[in-house]
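**Q** Next come the chains, spelled out residue by residue.
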Amino acid sequence: MNGAPNLFEQQARNRRQTAAWVVLFVLFFAWLGFGGDAALYFGSVDQLGQAHYTVPWMGIVVTIIACGVAWYSWTNGPKQVLWSTGATEITNPQTFEEKQLVNVVEEMAIAAGVPRPHLFLVHDPDPNAFATGHGPGSASIAVTTGLLQGLSREELQGVVGHEMAHIRNFDVRLMTTIAALVGVIVVLSDGMGRMFRGGGGRGVGALLGGRGKKGGAGAIALVILVLWLVTLILAPLISRLMAMAISRNREYLADATSAQLTRNPGGLAAALQKIDAADAPTTSIRSGAAHLCIADPLGRSANLKEGRLADLFGTHPPMAKRITILRGMAYQQLKAAGQTPVG
Amino acid sequence: MWFLLIVVVVIAIWVTGVYNGLIALKNQTINAWKQIDVQLKRRHDLIPNLVSTVKGSMEFEKDTLQAVVDARSKAMAGGGGVKGTAAAEGALTGALGKLFVVMEQYPDLKSSQNVRDLQEELSSTENKIAFARQLYNDVATQYNTRQLQFPANLVAGLAKAQVAELWEIEDQAERAVPQVDLSLKPKPQA
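Same order as they appear, the protein sequences are chains W and H. Take 1300 as the starting number for the first sequence in my numbering and just add one per residue. Take 60 as the starting number for the second sequence in my numbering and just add one per residue.
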């Protein structure tokens, strides 16, 4: 409520960032494909200044593969994430807890002004939750059975509010996009590395040995080739680090939005404390879905403290800091209501 | 000549934009109101179930039950626009809150699964009403601000825009309802 970041700004920023990331990755794919072609082109220049390699096959093939893989993971990514956790959709709530969860999700959807997302249950005793999808129209929220059983209604509402915030702020769309693009990079750099070690080795030998001696074109080929190989090796690592950093910054905002939706920051604070106390890793959630969760399912120590290392490698901000911020909000709320804050 | 034409085209584009913006906001406001309406109807439908379930166990609390039934029929009668609805529904929320407090004193009611389900449904509906009301007020405020601001107000008449009434909470007791409501509930510790 007070001092919460502007949500419309955040939505706009998410849309811009999604577009920027797509452009960045397209450029990167172009470099990955046509950069190799350029090296081959300059490498194939003979004594007479005639290039023998003229059709950019590599670029064409890479472009086709990249488009295919990106499209496939964009459309199927959310489904695969849910499938990999073994989540089952709650279509017909049976127990009291499930009915309550459905009610809480409906309440939060109304509060956020988005259509009710699909609701999934992950059969895991560790409390955790995540959201995925393409946007407010086609999103899913999944909670573990541990979360459902261990949390009170208020706390559940805080967690669902947090996930609903990810959906409304277009965080899920950005995350699905990035996951798709990172997947493409990993597939491509892996495949091309293999190609080079195998059949492509002949071409490299020809580049560096035979015709390259003439200088000029050969030197350009060598420089391009080295740069190209370096990016090929580092690409998966860099793209993963970037995806992590993007996810981390969004957690604070989702916490704040949850407090705004539920008007009860104390609920989420208590929930986070319970989730933090149950520090067993959520085994059914693989690392692929880690950046989507409310708390790091792997229980990595990098998420424990704020610092440069944690900034690089953590997908989530430190739990203690998140709880402190929420407690602060609850205190402000009580003070504004003219009551004496307790605790 | 060209200059005039450009000015006319620019104005036409601007008017179209503002007009469409106002229509969109108007529809959002109507839609937000419907969201509240759905939840209010749901509450009206749930109350007879609750009353008939608890009637047997609460012979001595006829007044409290009657107050809920009366408040419900008054709320269902409707009329009085947003303000009238808000007042009638506020009274119903108050009566229900009192009933829940009284129900706490009947252990056999509290332990009944049926009552627990009904109570969960009713409190959830109450939360939904509160959230839908907030959404409605937000959208309606946006709509009102937009149609009154200069120069959009010049187009407001064209779009048949009218200031939407907000759902104000007058009753102090009703403001406190979410808290009272939540603390009442048995925490499901499985």
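Just so you know, these hints were derived from the structure itself, not from any lab. Hints are not guaranteed to be accurate.
Listed next, with one range per pair, are the computed distances between beta-carbon atoms [what the hints assert, rightly or not]:
(1) W/I1363 to H/V67: 45 to 53 angstroms
(2) W/T1623 to H/D197: 24 to 32 angstroms
(3) H/E163 to W/E1397: 21 to 29 angstroms
(4) H/M60 to W/W1356: 54 to 62 angstroms
(5) W/W1356 to H/W73: 20 to 28 angstroms
All of these numbers come straight from a predicted model, not from anything done at the bench. For glycine and all other residues, C-beta sits at the position ideal for the given N, C-alpha and C.
**Q** If a hint holds in the structure, say so; if it doesn't, say that too.
**A** Consistency of the hints with the structure:
In this structure the supplied range 45 to 53 angstroms holds for W/I1363 paired with H/V67, their Cβ-Cβ distance being about 49 angstroms. The hinted window of 24 to 32 angstroms between W/T1623 and H/D197 holds, with their beta carbons roughly 29 angstroms apart. As the Cβ distance of H/E163 to W/E1397 is approximately 25 angstroms, the hint placing it in 21 to 29 angstroms holds. A C-beta distance of roughly 57 angstroms is found between H/M60 and W/W1356, which places it inside the suggested range of 54 to 62 angstroms.
Between W/W1356 and H/W73 the beta carbon distance is about 52 angstroms. The supplied range of 20 to 28 angstroms is therefore violated.
Violated hint for the displayed structure: number 5, the only one.
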